[in-house]
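Next come the chains, spelled out residue by residue.
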Amino acid sequence: MDAPASPIATRNGSKASLAAMALMTAALLVAPHVGVYPVFLMKALCFALFACAFNLLLGYGGLLSFGHAMFLGSAGYVCAHVAKVWGWPTEAAILAGTAVSTAMGVVVGFLAIRRQGIYFAMITLAIAQMVFFFAVQAPFTHGEDGIQSVPRGMLFGVIDLSHGLAMYYTVIVIFVAAWLFIYRVVYSPFGQVLKAIKENEPRAISLGYDADRYKLVAFILSAALAGLAGATKAIVFQLASLTDVDWPMSGEVVLMVLLGGMGTTFGPVVGAFILVGLESVLTSGVTIAGITLGPEWVPVITGAIFVICVLAFRRGVVGEVAAFFARRRR
Amino acid sequence: MQALFGQLLIGLINGAFYAMLSLGLAVIFGLLNIINFTHGAQYMLGAFASYLLLEKLGIGYGWSLLIVPIVIGALGVIIERTMLARLYKLDHLYGLLLTFGLALILQGVFTNIFGSSGQPYRLPDVFSGGYNLGFMYLPKYRAWVVLMSLVICFGVWYVIERTKLGSYLRAATENAALVQAFGVDVPRMVTLTYGFGVALAALAGVMAAPIYQVAPQMGANIIIVVFAVVVIGGMGSIAGAILTGFALGVIEGLTKYFYPEASSTVIFVVMVIVLIFRPAGLFGRER
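Those protein sequence lines, which keep their order, are chains A and B. Numbering follows the numbering used here, with no gaps: position 186 of the first sequence is 186. Numbering follows the numbering used here, with no gaps: position 162 of the second sequence is 162.
What the hints contain is simulated information worked out from the structure, not anything from laboratory work. Treat the hints with care, as some may be off.
Over the 12 Å line for every Cβ pair with chain B, so calculated as not near, a few chain A residues [what the hints assert, rightly or not]:
(1) V36
(2) L63
(3) V107
(4) R115
(5) A126
(6) Q129
(7) F133
(8) Q137
(9) F140
(10) P151
(11) V193
(12) D210
(13) F237
(14) W247
(15) E252
(16) A289
Part of the chain A face toward chain B, derived, beta carbon under 8 Å [to be verified]:
(17) K15
(18) V34
(19) L111
(20) A304
A quick note: this is a predicted structure, and the numbers were derived from the prediction, not measured. Glycine residues also receive a C-beta, built at the ideal position from the N, C-alpha and C atoms.
Please model the entire structure based on the sequences and the hints provided.
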């Protein structure tokens, strides 16, 4: 996808996003002690990780997947199942979920990168729908009920995650580690080649890069990290349900990245926090000008944000901020 | 045997809708290079418009067939002029995202007004009853839907492949700038093409109303299958889109009879197989 000129790719930009991340981590560490609801933050962090994973593919690889919910949801199911039914320890369950979504990434990526652009989006959407129907029918997912009351367990056998803050700090560690990993990938030679392929694929190929291989690796990494997000989410909420594999979820993650800023390392985090925040505000209902908007309006508002972003706000929040500073420096 | 033919008929009916919807998608994609994600929502709008005309104004099915496509098509023209027209210079994927957002809005608003459960559309008396063919019972309305969709599909194919207007359209698909240089008003053609594609979706919606329940989710459920149909057929050819639509409907129907567990996924499995052996689709060309 044509990113609007992205100054983030400069060294200044990358330092700025590292600084933003450091600030955010500090804020996250103190947040529960100043009255911010940890469950909200954990939810936002899981989605932020999901969005960052997605951005690796869209923002740097230029590949729009419309089926990323399949990785989030499947990893959630696997993690919940092995933790609850097989009694695996928490860290092993999360790894199992991540491993399954990685394997799915290999297969789906192999199929999807055979076509480009719009076809790529439609293929990923169709395969995700297939996974959704599988999740509806397979007995171990418990259909509409989902896998409920998944035990949080003991992390490494010593840290009791059923204690609220222990879980919260674990999620922070997972999120920050994954974000740093993505950051490292983006600014590695691999990430640079990936961007080169996105900008001009024939040219990258003529320089001797095997474009398909780079795209496939990006797809697998993205699927794996989306799976990590899904597995973590299943442990945090002790639930794996159909919502996480259904197509609206695939659309939502696209919006998080678009809203926060495609092709920026910090943008997806911002986008995820805005959307999760919006949803939690609407859950209790908001009254604007005498009209009460409840959770049933979430899809409509999400759709409206989509339309506005595409028509007038294509750089996203972080992209606009970066562009503002880039203009001032000149 | 009865059950087999029954499933075949259902497959043929579903196929008729797949064909009409993928036809509209292919026509729009050909000229605008946009995958119209709102297509399912516009199909749903068609069904709801027809339902509301009957329930609120007492306007029957026959008039709906005429009025609804025009009204919803005009809505499509407005969407194209006010929103899509701003995106042609950008990556095609923005069109997909915009139409996805619009689909969410339309679906959400209708869900909030009408609830997510379906409303039945009362069939006009002309269509009650059916024919006993000996090996199966054929309800009149189902026969009408299959026949009518065949006529529509053939009509669209004829206009695009065999008339002068269609030749402009095909030429603009290949090279819009050149066609414009010859004095054809391409932007207007683009607008009308989008309106036409939308009208086709709405018409399919009117025809679907008496068969399926009129529900806000009806479009979302079918559009993803139609995307798979489009990937399988490839968007290079109009005839290919029609043929693939009908064929996959029938395949789905047969699966429902022989192995019902796989009936909701069979089309996606076919898609995967086609992607492995013919990545450009059965009738497609790489573009």
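Hint check:
Every beta carbon of chain B lies more than 12 Å from that of A:V36, the smallest distance being close to 29 Å; the non-interface claim holds. Remark: the non-interface label on A:L63 conflicts with the geometry, its nearest Cβ contact in chain B lying 10 Å away (cut-off 12 Å). For A:V107, the shortest C-beta to C-beta distance to chain B comes to about 9 Å, within the 12 Å cut-off, and the non-interface label is violated. Not every Cβ of chain B is farther than 12 Å from the Cβ of A:R115; the closest lies at roughly 6 Å, contradicting the non-interface assignment.
With a closest Cβ-Cβ approach of about 4 Å to chain B, A:A126 is found to fall inside the 12 Å limit, against its non-interface label. Here A:Q129 does not stay apart from chain B, with its beta-carbon only about 5 Å from theirs, under the 12 Å limit. For A:F133, the condition that its CB be more than 12 Å from all CB atoms of chain B is violated, with the nearest at approximately 5 Å. For A:Q137, the condition that its CB be more than 12 Å from all CB atoms of chain B is violated, with the nearest at approximately 7 Å.
Even its closest Cβ contact with chain B, about 15 Å, leaves A:F140 beyond 12 Å, as expected for a residue assigned away from the interface. Non-interface status of A:P151 relative to chain B is upheld: no Cβ of that chain comes within 12 Å, the nearest being about 31 Å off. No beta-carbon of chain B comes within 12 Å of the beta-carbon of A:V193; the shortest separation is about 20 Å. The beta carbon of A:D210 is kept farther than 12 Å from every beta carbon of chain B, the shortest such distance being approximately 17 Å.
Even its closest Cβ contact with chain B, about 24 Å, leaves A:F237 beyond 12 Å, as expected for a residue assigned away from the interface. Under the 12 Å C-beta cut-off, the non-interface status given to A:W247 relative to chain B is violated; the minimum distance is some 7 Å. Separation of A:E252 from chain B is inadequate, the least Cβ-Cβ distance of about 10 Å not exceeding the 12 Å criterion. With a closest Cβ-Cβ approach of about 17 Å to chain B, A:A289 is found to remain outside the 12 Å limit, as its non-interface label requires.
Look at A:K15: its Cβ only gets to about 29 Å from chain B, farther than 8 Å, so that hint breaks. Taking 8 Å as the C-beta cut-off, the interface hint given for A:V34 is violated, the closest approach to chain B being about 35 Å. For A:L111, the interface hint holds, since its Cβ comes within 8 Å of a Cβ in chain B; the closest pair sits about 5 Å apart. The interface hint given for A:A304 is met, as the beta carbon of that residue sits about 6 Å from the closest beta carbon of chain B, less than 8 Å.
Checked against the numbered hints given earlier, the structure breaks hints 2, 3, 4, 5, 6, 7, 8, 14, 15, 17 and 18 and satisfies all the rest.
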